[in-house]
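A.B. asks: Heads up: the sequence lines are chains A and B, in that order.
Following numbering that gives the first Met the number 0, the numbering of the first sequence begins with 0 at its first residue and continues without gaps.
Following numbering that gives the first Met the number 0, the numbering of the second sequence begins with 0 at its first residue and continues without gaps.
These aren't lab readings, by the way, just hints derived from the structure by calculation.
Ideal Cβ positions, reconstructed from N, Cα and C, are used throughout, including at glycine.
Treat the hints with caution; some may be incorrect.
Listing some non-contacts, in silico: residues in chain B with all C-beta distances to chain A over 12 Å [what the hints assert, rightly or not]:
id : residue
1  : Ile-185
2  : Thr-189
3  : Glu-410
4  : Asp-412
5  : Glu-419
6  : Phe-445
7  : His-450
8  : Arg-464
Rough simulated footprint, nothing fancy, chain A against chain B, three-plus residues with beta-carbon under 8 Å [as the list claims (entries may be wrong)]:
id : segment
9  : 100-109
10 : 157-166
11 : 296-302
12 : 496-506
Ranges of calculated distance between the beta carbons of each label pair, as one might list FRET restraints [what the hints assert, rightly or not]:
id : chain 1 : residue 1 : chain 2 : residue 2 : range
13 : B       : Asp-24    : A       : Tyr-972   : 51 to 61 Å
14 : A       : Gly-947   : B       : Leu-235   : 53 to 63 Å
15 : A       : Asp-596   : B       : Leu-235   : 57 to 67 Å
16 : A       : Asp-930   : B       : Ile-33    : 52 to 62 Å
17 : A       : Asn-531   : B       : Asp-344   : 25 to 35 Å
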Amino acid sequence: MKNSVLERDFLYKRKLKKILLIMNLTFLLSILLTLNLSASLYSQSTKFSLDLNGKTIREVFQILEEGSKFRFFYNDEFKYIDQVVDLKVDNENVEQILEKLFETSDITYRVLDNNLVVLTIKNNILQLRIQGKVVDAGSGEALPGVNVMVKGTTRGAITDTDGNYTIEAEPGEILIFSYIGFFEQEIQVGDQTEINVNLSQDIESIDEIVVVGYGVQKKSVVTGSISTVSSNEITQIVSSNIESALQGMAAGLYIVNNGAPGADPIVRIRGNGSISYDAEPLYVVDGFPTTDIQSFDARDIESIEILKDASSSAIYGSRGANGVILITTKKGTRDGKVHVNFNAMYGIQTLPKQLDLLNRDQYVQYATNMSNESGTGLPDRLDPANFNQPIYEGATQTYAQTETDWQNELFQSVPIAQQDLSVSLSNDKSVYYSSVGHLNQKGIMVGTGFQRINFRFNSEHDLSKRIKFGQTLFYSSGDREDEKRSQGRSNVMHMIRSVPYMPVTDPTKLGGYVAPDNSDGTDPDNPVKVQNLYRANTLTRKLFGTIYMDIKIADFLSFKSTAGLDNTKTTNITGEPIHDDGFFSLSSATTRRREDDLTSLLFTNQFTFDKDFGNHNLNIIAVAEQQSSTFNRMFISGNLPTNAVVELTGLSNITANGREEENLLLSYLGRINYGFKNKYLITAALRADGSSKLATGNKWGYFPSASVGWKISEESFLSTVESITLLKLRAGYGVVGFNGIGNYDWQSLILANTNYVINNAAVEASYFNAISNPDLKWEESTTTNVGIDLAMFKNKFTFTIDYFNKITDNLILAVPYAPSLGYTADYFANIGKMKNWGMDFEASYWLSKGDLKSKFSANLSFVRNEVLNLATPTSTIYAGQHPDFGGGDITRTIAGEPIQSFYGWEVVGIFQSDIDVANAPVQTPRSDPDDPTTGTSRGDLQFKDQNGDGVINGEDRTNLGSYLPKFIYGLTYTGNYKSFDFSVFFQGVYGNKIYNGSKVISQGMVRLFNSESDVLNAWTPGNTSTDVPRAISGDPNGNVRTSDRFIEDGSYLRLKTISIGYTLPQKLFGSATKGNNVNLRFYVSALNLLTFTKYSGYDPEVGAQVPTTNGIPDVTSPDYGLTEGIDKGFSPSPRTIMGGIQLSF
Amino acid sequence: MKIKYLYITLTLLIGLLFSCDYDLDKIEPNSISIDDYYQNADELTKAVNSVYAVLQAHQLFTREWFFIHDMRGDDVATGGGQLEVPRAQLLIGTNDPSNYVANEVWKGLYGLIHRANVVIGKAPDVPMDDEELRSRLIGEAKFLRAWVYFELVSQWGGVPIYTEYSTSIDQNNPRSTEDQVYTVIISDLTDAISDLPPSYSGADLGRATEGAARALLSRVYMYRGNYTDAKTQLQLIIDSEEYELAPNYNDNFMEETEYNIESVFEVGFMDNNAATGWGTNLGDGLNQETTLRNQEYNAISWRNAVPSDALLAEFEHSTNGDAMDDPRFNYCFYQVGDIYNNGADTLKEGDVRGNTSMLRGVESKISWRKHSLMYKTNSGYYPSGLNERTIRYAEVLLMMAECQNETDDPEADVLLTLNEIRGRDDVLMPVYPTANYPTGTKDDRFRAIMHEKKIELCCECIRDRDLARWYKNGKITLSELQGYLPYFIQNRHELLPIPQNEIDRNSNLNQSDQNPGY
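Sequences are here, hints too, so could you generate the full structure?
C.D. replies: Put into structure tokens, the structure is as follows:
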């Protein structure tokens, strides 16, 4: 047994020698000297007694090798090796023998502790043992784990926990000190033996690792267009959702907030890729595509990558067309230490802007004017006899004495608070990260708010040298109190319309609230009542986790298997209690409860091949993946005889229904990254997706992409230019799909959800209301992207520019068909083609002057949109019709114009006399020429006769501009001065239009409601120099029709955040920290402090108001789709002033 | 070493566990596909019910349908500034092709046509034994389809005709001629008359009957000026003895007396605790069986419309030299001081908002009582379950009287029919001729019929079309019509504009297809 082992060892040695001999000695040395060089015990104790007379040195080595564990490395070309020696040794060790052998030669030797004996020419190795300490140039703290290398070799060492290192190097060699997050430093070895180094931090490291789909890459070799947002940047803004925190952070990312807490913003990457659907990007959390990221906690996030072009997002195939947002959560730090982070903040949110609404006396004046103009009587309430009545029986206050500021009643200053605690620890095998977070945000509109608590536990373990096991687990529970609606209208709208002499509450009324009744001649609902009495709660519980096993089959090949579960349960509870506000009363309460359960399972198997062949690097992945989802819904509603119970017990008039859906996506994908000399880079990928959402024959789609990169800075002609650290040219092309359609949209089915009343009883009724389209297929977008990355002056200045051109074909459209077809459901078809093109710029600059360190960064992007063709029956889509906002359509989508351009009439001016009316093109002919209430009159708007036919009609509508900004931008300054840090962040959009629908409400004057003070400036024969038309009930001229009267410039520049922080100096803690690094920071900051805009409404950031029926987005509503940029009375984003502490050790 | 293989096996096992579903064929589990439905009598019945269900649409009887008729007639005036713009525009004739009310009605009417076409198309192939039921169901669908086409042709003129349900969004039809639309209507009604039973027993009360089809056909014939054929149909209704006048006028407007002896066709509604669908769908939803008509005009609610002064003045009154005050005045209207809510409340001035009326020199607030639930509740805001009597026997008699007069029947015959209306138990007005309504000439008698119809059927969505018909058939002059409808402009107000979104979206229509004047 023993013999055979020895024999094997021997054979091994023989073979090894042969191989080694062929190779270049220098190269060998470089490998071997990385090992710790010192004479071993073996070399001292192994003694030889040999007669070596007449042998060549080569033969001597052979003899020695055969009789011991020594091996000899030397250059075959050493002439001296073949010299015959005359030597006899007796009980001498190897070193003594070697000493004698090379006594007279120019060869020297070294015995290594693994019994290797290396020969080299004398004087070539005058190696010095160099030691020193590496510290952070900023803080002066020791840096453990710094990599110290001898340039051009693989000799190296690593600093210990105190930052000390030891390395051997020859004079003239160059030591390279590198550490993640710090600038690399090179120092030439002279004759010194101590080299201490200060490394300075590199905030904008170009060699940081970025997450790409199904893998990671060094930023410097990425060939697609990817923006990265770090965890620090995301946590700058305290927000209930991650998307809001991304606003203005990356070029090409356009985010519009919905003001209400917990509401999802609109997110667009490089424009609207889709036409009638949400053009939302795909969200991928830890490799798992999920439906929403609202539940996640920004503080758990390590980084966010935004894949913008097709060559980077095509790896997500049928779901990547609108870009991909990759989120990587924190895994913990592998440094053997415990890290604890605690954050707490508290803030006050306020309404940032007040509308100028009429006060009581102005309202009375306005109501009087309006009643006179239209010939209707003054509302009874305004009769002095009634106006001086107490506001309720027994009250001392009269209506005439009441002055309610409804804006202040509906909007209040409210708190927001957030706390997070995270702990990370590791040992040599495992690393753990766990956290808990709590957010409590009240909405500035009474009766709204959002509360969330979330937990995370991530860990990773080395099961063996080659096998790694890891998991992520996240649970969050959110409770959102939504804005309620009454009579199909928003409460902002009711608030604008509410009468200032009416009190909010009335203790004599059932429920305690009062609303205008018939004697007021007006009927807005009491918005405070609606917000406080009605229920609209959405509870979301999300469980999200993955496990993975990573097996390193060989050094260059690994296999990773991931399984994930994403379960979201949503409970939506709405209802109205028994109450009587004097106008509207309910004698039994209504309660509705909807339970949705969405479960998604992911399973991915991935092979990764990664190997260098000399100057060639090859990385190949092959993935098989499947994601399946099931969806269940249950809905129950009914009436209750009491307000004391709101649960589903004792219901009458019960309605219940449910549904179940499932889908499956099967995918196979592969990608090859090839790099030559780290200079020429090529990526090619292909994904095949099979989806159950489409009909047979259309289920499979193939999505190829390719990109190339050229690091010009690596070329010899540029490598001498010291100032340029990176110059890279990128170009990519890819085809990506979009499948955001319903699970069964291609099937047309019988609906049994309606009744008719026969003999006073409801009888069941079944019908179908949709045309099926089995030809439905993926939307396909093809993007070309060309970009340049530049880093200069030791990366102090970085700059990225991208040009892109994205053509989306087979646009899936809810085709607007003629109402005469009689169908009511959307008909989905691949109709139309659209182009988005534009440029993104990102730049940053570091400036360090003494103790002041500053970073400026900016991003700017512009996107142009054009619909190339629309194959709908009439090649046009009109949208936005709403009886409260002028009655007609507000947008039109047509080939050759940007998507959903505002469409309506142009106002020429106000008719100053009836003669002007008679001379102008026919607006609305008066039926009674003597009665100005029956048609166009002086004081009315004159609309432009676009086609010159002398009549104003539908043909005179024209394009009134686009809601799409000409460009969007973000500007950030962050700085440090000693213990202080500060940041200022501006964000803005330029060149977009807003249809100010709330102005139709506040200035329309078509019925008696409270209004903005503009109405006092309405045209009258005595007030002719105004742009506000006459106040006339019934609006005979159609002054409120969709026109540029309500179109406003939506550009704004917003001071999004400004903050200042102070970190307590380390020494304050003294010895109490036991050498641990304790960080305690206090900060104050402000959100939305200033907004510069010409927009007259609440907030130029106009989100989409998706109408809901029992909490479910109502896609059949005219408010849905192609109505962005229409302000229908939104809850604005609050202004928040907050302070907080951060503690970490 | 061994543990390493265990891990590998474990990893692969996880793989197997999760990757077992490769089936990309997912069929909607919540519903039946169209091809698998319409397989028995029950399913066909439900399909017919769905045609009726559109009548309950927001677009039709729940809201917009009665507005479009009331606003275009002269029965009502604005209740005040609270009347919403698109409705007010119809009232004063300033409506344009984007008028929300008119466009919603159009959408509702065509929604009904689609569902009727499905029934008519599928019914012949449904495997069922009861052939009588099959033809009845087809008859019901045809009745409703004819009702819709008459609504369309009488208000919009020659509209696109669809007699089969569309299977592609490209199947847009151009405008037909009015004659072509009438051909469809008359053919459908002729079929319906032969397919429908004269009456129903309890559980089916409210479905279309032979009598309803004949009454509708009579309206159609009269609209075309064909009094002879109309008279034939009306005579058959009268001779069937299925109908008579209810003893009390308000039996036609109360929840407790629905489906009474006078009712020829009514649209059913049901109380639902004030809930209603504000949505834009066609009345779909399991809980939307209410109508907004109560609260729209109601004295203590929105009061969007009030009786017009002309209508109020039309009622016979002693001050005008009439022999008797017409009791129907109090049946139709509430005035301040009236008792309501089963006698529990008295209507106070402050409870009633909006415009006043001028009657015999006195200004006061007069509101609609017809279609209101105020007789039994003091809750104004209340989407009600009150059925809308769309055709009642009183209209049959009034149409008959007019046809008899137009076909030159003897005066006595005309008066016999006409006076039956005045002989209702709780009306008992003096018979024609009266001092103010002589009946000596054919024209006298026509005026008496006009008067009687205006009173008896006020605010029942009849008057607007009667005015249009009389003008069209030369019974009244333009200036006379303008007396009733001051806004009326020739070559504009005869028809409503085709909805702009129909012109925009229908590939077979363009702006030149718009009705004159818009």
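A.B. asks: Hint by hint, which ones does the structure fall short of?
C.D. replies: none
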